[in-house]
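Here is what each chain is made of, one letter per residue.
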Amino acid sequence: MVSESCGNPSVETEAIMSRRPKYDKSKFCIKCKLNSGAIIVRHAVYCKECFPALLSYKVKRILEPQINSKPELSRKKSLKASGNLSIGFSGGLGSTVLLDLISRIYLSHRTETKKEEGVTKPRGGKDHPRNEPVWKMVSVCYVEIASGFPGMSDKTQKIHQLLQENYESLEFIPIRLENAFDLSWWDKVGGKAALDANTDLTSDELFVSTAINSPDSDPVQKLRSYISALPTPTAIESAIHTLIRILLLYTARSTQSSHLLLGTSLTSISIKLISSISQGGGFSVREEAQEEWNPDSKGAVRLIRPLQEITLKECSMWAWWNDLLVVGKEKYPRGKDGIEALTKEFIIGLERDYPSTVSTIARTCAKLAPKVDAAGLCILCERPLQPGVQEWKSQISIRATKEPSPPSHSSDPSSVLHSLTSYLCYSCHTTLSSRSSKGVSRNSANTSLPLPVWASTHLQGLLVDVAITDMQPNLKEADEEIWLTHKVNPDEMKEAIGEFLLE
Amino acid sequence: MTTISLRIEFGGGLELLFSNEKRHTLTLPSMVSSDNNSKTSADALSGVNTKPADVEYLVFYLRDHLLQERPELFMESNTVRPGILVLINDTDWELEGEGEYVLQNNDEIVFISTLHGG
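Protein sequence lines, in the order shown, are assigned to chains D and W. For the first sequence, the positions run 1 to 503 when our numbering is used. For the second sequence, the positions run 1001 to 1118 when our numbering is used.
The shape of chain W in the complex, shown without the other chains:
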């Protein structure tokens, strides 16, 4: 099974939900369960529908494996909460297809919260 290495960064205070660490490095399988279940083992994947790992899956993965507290501040209705910007390789994810963008090896995904106040 091939894997994808990703650089994840959190900004705007979002890092407080992820062990106060701004930068993380992840390795994800290139093919994942279509229902975004990140706990499905590699063997069990053959029995379920699969898809290439995309940003939608990444968000679920981060919630299930890296998030320390308050998941409702990160995710809402199966996507990132409103007020959180996502950059894929320094580009607005709305230009790359949002959750449907298929992750590539060495991609950099940044999650920035806009809700500091201002």
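Chain D on its own, in the form it takes in the complex:
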């Protein structure tokens, strides 16, 4: 807008900048160019009729290259997964939309769909060999977190009912957050039995003690103890996300699933990336988008987030236009004080005014890769473990004024003490050892953190390896190296580390 002025600020009227349009070119649909647009997606205009095909295309672009075990070079090769499919469902907007889209695109032969507008119908009919189902069996897994927070409502029944009404052919698998401390669940999903382990959070060394007979073996009590021991609201949210993810992965594997799908949208991924990196999770930035999980080589599960190129706005419009009921997720107590909530507020605001910036976050992170190789897996989150975590931490901050000493456990002669720090990634170590901004003193009197079952098992395996190596010093001096490996049972394990036990 050109204003005629003499340039004298005292007589010039206020120059009003014309509003920058939120869409490129015209208001007509960029795809069909016929219909008037109904939604703007990052400056591009789409009509209601073309919108379904846009979402379908975005889902397929992320998911289909990962379906077959080996990347397919030929586009004509049919999609056939090596196992079944698990879909993680939280009740939130993303997972509701994910379930609907996956059902329409891949499961329409087994579910009754309301309508398939915009979704390509199979050529040759649904019985054509080319159109065989990609996955034989599909299950929907839901993790209920209510047990960890007294007073929180349990939504399992409501979710089960919703799924029965809309997706009756899909198997519903309810999981509870306390399963992470339940040996019977662990056994059911194929986990190896482990000693109970607890970590002392009063020092950065995170000394862990193991006990054969834990006084408190109720999983719900252990879960509450876990949550109450965590130092900050940020740590609680981060730890619960990890528990949920691992519970879903082990459950997926127990159903012989080759794929686990989660409904994380582009907006949510950007939030999680910034939040995770701020908590020291940069080494596993790639795993935030997608990961190949196989911690004990018993069978891999591909964790994929098919909505990672679809914004929260698009998910919301899809849910609205298709009348999808979104049950919603419970908020954690004091969750709004955590880093993730603050990050979410920032990103949601950014997305409204600068929508392309949010996708830039995800695309930039997708280009990142760690400089060094992983030194194994973190025993808590089962993501890559970066070497040199403790050396780095000791260089960047002073955490204690005196050398930490292991706590005494004279009341429990069967307990064993080790430091957990070298088995945790930077992010998990930060989660457990972070300090509240209110000072070093903790709000909660509870500083003993029970380890989830998988962490205890991994730790036990690693400690046995260390013990066996330490017991064979003679071999280091021999001319030839002799390697003897065999599977050990719990009695042999105890015998192997017997000389380290305090009697």
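What the hints contain is simulated information worked out from the structure, not anything from laboratory work. Please note: incorrect hints may appear among the correct ones.
[As the list claims (entries may be wrong)] Mimicking EDC-like on lysine to aspartate or glutamate, the simulated pairs with C-alpha atoms at most 16 Å apart in a straight line are:
1. D/Lys22 x W/Glu1096
2. D/Lys22 x W/Glu1098
3. D/Lys48 x W/Asp1090
4. D/Lys336 x W/Glu1072
5. D/Lys27 x W/Glu1098
6. D/Lys22 x W/Glu1100
7. D/Lys192 x D/Asp182
[To be verified] Cβ-Cβ distance ranges computed for the label pairs, FRET-style:
8. W/Pro1071 x D/Arg363: 34 to 44 Å
9. D/Ala53 x W/Pro1071: 36 to 46 Å
10. W/Asn1037 x D/Gly335: 32 to 42 Å
11. W/Ser1034 x D/Ala146: 43 to 53 Å
Computed from a predicted structure; not experimentally measured. Backbone N, C-alpha and C define an ideal beta-carbon position, used for all residues, glycine too.
Starting from the known structure of chain D, arrange chain W on it as the hints suggest.
Just chain W now, with coordinates in the frame of chain D:
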């Protein structure tokens, strides 16, 4: 003074702030105070700057007359809070000029919160 009849709908949990009612019907004056003050009487309008009732005014009106609690969850910086989508006759309000869209009789305005989580 002419009036405009509007159908308002809330989704995504936003209805919890509005008496848990998803659907509302409103009647607004066609000309309103430019400062979005919905409490200015019809007589007093002649003494102030006026504008045709637009979506910006509607948002203030809803906050002042229908909202039961937590106004900060609905409005921020004189517009809807980030994370709330607005549809004008089933169309993204960004295509219709956002707050500057002049309301017409029988328009349907939908406010959807995207912040369920997901």
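> Under the criterion that the straight-line Cα-Cα distance not exceed 16 Å, is the pair D/Lys336, W/Glu1072 satisfied?
Replying inline: holds (14 Å)
> Is the gap between the beta carbons of W/Ser1034 and D/Ala146 within 43 to 53 Å?
Replying inline: holds (50 Å)
> Does the hinted range 32 to 42 Å hold for W/Asn1037 and D/Gly335 at CB?
Replying inline: Holds, since W/Asn1037 and D/Gly335 (Cβ atoms, about 36 Å apart) stay within the stated range.
> D/Lys27 and W/Glu1098: Cα distance at most 16 Å?
Replying inline: Satisfied, since the Cα-Cα distance of roughly 14 Å is no more than 16 Å.
>> Can you confirm whether the C-alpha distance between D/Lys192 and D/Asp182 stays at or below 16 Å?
In response: holds (12 Å)
>> 36 to 46 Å was suggested as the range; check whether the CB atoms of D/Ala53 and W/Pro1071 agree with it.
In response: Between D/Ala53 and W/Pro1071, where Cβ atoms are some 39 Å apart, the hint holds.
>> What's the verdict on D/Lys22 and W/Glu1096, does the C-alpha distance respect the 16 Å limit or exceed it?
In response: Satisfied, since the Cα-Cα distance of roughly 10 Å is no more than 16 Å.
> Between W/Pro1071 and D/Arg363, is the Cβ distance one that fits in 34 to 44 Å?
Replying inline: holds (36 Å)
>> What's the verdict on D/Lys22 and W/Glu1098, does the C-alpha distance respect the 16 Å limit or exceed it?
In response: holds (10 Å)
> Is the Cα-Cα distance between D/Lys48 and W/Asp1090 16 Å or less?
Replying inline: holds (9 Å)
>> What's the verdict on D/Lys22 and W/Glu1100, does the C-alpha distance respect the 16 Å limit or exceed it?
In response: With Cα atoms ~14 Å apart, D/Lys22 and W/Glu1100 stay inside 16 Å; holds.
In this structure, every one of the numbered hints holds.
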